[in-house]
Amino acid sequence: MTEALLEVTDLKKHYPVRAGVLRRQVGTVHAVDGVSFALGIGETLGLVGESGCGKSTVARSVLRLVEPTSGQIRLRGEDITHLSKTELRPHRRSMQIVFQDPFASLNPRMTAGDIVGEPIAVHGLASGKALEARVAKLFEQVGLRPDQMRNFPHQFSGGQRQRICIARALALEPRLIVCDEPVSALDVSIQAQVINLLIDLQRQHGFSYLFIAHDLAVVAHISHRVAVMYLGRIVEIADKDELFRNPRHPYTQALLASVPIANPHAKKIAPLVDGDVPSPVNPPSGCAFHTRCRFAMERCKTERPALVDAGVGHQVACLLNEGTGRSQ
Amino acid sequence: MADMSDLVLDVKNLRTVFFTNSGLFKAVDDVSFTVRRGETLAIVGESGCGKSVTALSLLRLVPDPPGRIVGGSVTLEGTDLLTLDDAEMRAIRGNRISMIFQEPMTSLNPVMRIGHQIVEAVRLHRNMSAKEAHDLAIEMLRLVRIPEPARRAREYPHQLSGGMRQRAMIAMALACRPALLIADEPTTALDVTIQAQILALILDLQKELGTGLVLITHDLGVVAQTAQRVIVMYAGKKVEEASVEALFAAPKHPYTRGLMASIPAVPASDVAPQARLNEIPGTVPSLVRLPAGCAFAPRCKLAIKRCQEEYPPLADWGGGHLAACWRAAEVAEVA
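Protein sequence lines, in the order shown, are assigned to chains A and B. Just so we're aligned, residue 800 is where the first sequence starts under my numbering, counting upward by one. Just so we're aligned, residue 1141 is where the second sequence starts under my numbering, counting upward by one.
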């Protein structure tokens, strides 16, 4: 892997569950429970998992939009985990986020041009005519016309709104863009446009993406490496091709088998797992997946498997994969 | 064509419009299709293409005003539903024709126990004692593979997970053994492993009960894995209809072809890393200002002058493969 832009070590985010008149703590949501990964310069790391697995909390923690309970986040070698708001400010320029819902993440009373220009103005990088010229250039980069700068968000379609969000993220020339389900709210034909735009922009600017999505096909398409999360932990991480060709964790295998393939001759949907994802308030002991796993052994209920290297940078947290054995 | 007695639903030239301040929306414009016993018909399209309004029209649940069914017929087991009065329609809804929606939390009553909701639906249509209906409710919950059905029947919707709620919805919809089930994006709100469970369940039950199924979805993967026949809708019109094999083997409409090319595949091992997807340029048109000719023409690579001026008729390309495109013959060669 190339030089690391972002290093996350043993990140944890726990939320207290309070109940009763005295708001006493009755439990803890283990939203993120010991996540470590590194993201290289110009690399895209896909983070997949089902709802409640903690993928969005990881994204927000990386940007310090939520305060991690413990762990370390290093951006370009510098520890930003405990920086104060003012200390963090210069770093904010190098990390940006694109959210899922382009309807909720744009201020309806600001023009598109003001929305995209605001970060530039806030950081005092340009004003007046220079600002306008920069915003116009950003509009062109994301496939919008500069004359649309005067329009308000409601005058744009969903795909165009997501382009505005991308332009806003680009405005400060970041090194890292966190994309939290950026295409999930869009129609299929528009999804492809936005994914292509994200790929093109990365080629031009060389920034890194932390790309979060529940859609495996989208993640497979855009990522260089993919991490699979389950109940607050990474259970498998590998190069994209390696992960999809040779999934080693039973959960990854089940996820892949659950995706309906757009070919009537492909094998029919075979649900490989029963039941629902357990609650992150009281995650199962040992391996959190053992309650739904086809291969669960007695040991899985008590021993928590660590993420170990299974060769070619393929890491997997499953007792079946100790040594060279693999689950089939 | 198969035996006519097999025909559960026969929709002819259905037209549903909405009267709004910005003009007249033709949400469903001259759409026809049939569903046979035990058959799954998928209706695919993007948001605003009219697929959900088609479903609501079948049940006569289109809010009036602003919407109204202005033409066509919806024949369910020999009865044209559009000619029935409200009371007659109520006797059929939930009895011979049922529907499950995308978001089970908004379609279940939050302050009623699950079992009671099924009992209510059953007793509306069947002359049953409360005890018999309750037994049937628990039987239905067992049928949709809810563990401990007797206990779950006493729970409220918020106590169930998303997947369990959708199972409960299915139990309720099938409790009266309807001839036709309409499922509008039944798994869109669910996680992929749960989606696989629910789709497998719907298909198993359909086989067991012989229900006709209209499955509305935007996901071509779901279509390929579940349906026998497919309708593709665009801007309120049916632009293509075919058996699922024929549609995926050789789509005739450029829109269908574009949709198929724009979805990324899993696994992507045979694709170069970060290959560009084929995109359909532009956006879905507004239904108020539809072009005179083919609504897809402004986004279509193959569009010629005729496409802008004249709407293409649905032509049969063999074996019941219908497509409404002036250039359907050339689609395979060009794209």
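Hints should not be assumed to be uniformly reliable.
[Claimed, not checked] Straight-line distance between alpha carbons at most 30 Å, and here's what the computed DSS-like set of lysine-lysine pairs gives: (1) B:K1347 <-> B:K1271; (2) B:K1166 <-> B:K1347; (3) B:K1166 <-> B:K1441; (4) A:K884 <-> A:K811; (5) B:K1166 <-> B:K1152; (6) A:K1066 <-> B:K1347; (7) B:K1152 <-> B:K1271; (8) B:K1166 <-> A:K1067; (9) A:K936 <-> B:K1441.
No lab work stands behind these hints, which were simulated from the structure alone.
Hint by hint, here is what the structure shows:
1. B:K1347 <-> B:K1271: holds, 28 Å
2. B:K1166 <-> B:K1347: Violated. K1166 (chain B) to K1347 (chain B) sits at ~35 Å, over the 30 Å cutoff.
3. B:K1166 <-> B:K1441: Holds: K1166 (chain B) and K1441 (chain B) sit about 25 Å apart, inside 30 Å.
4. A:K884 <-> A:K811: Roughly 20 Å between the alpha carbons, so the hint for K884 (chain A) and K811 (chain A) holds.
5. B:K1166 <-> B:K1152: Holds - the C-alpha atoms of K1152 (chain B) and K1166 (chain B) are around 16 Å apart, at most 30 Å.
6. A:K1066 <-> B:K1347: Holds, at about 18 Å.
7. B:K1152 <-> B:K1271: violated, 42 Å
8. B:K1166 <-> A:K1067: violated, 36 Å
9. A:K936 <-> B:K1441: holds, 28 Å
Going through the hint list in order, the structure does not satisfy hints 2, 7, 8.
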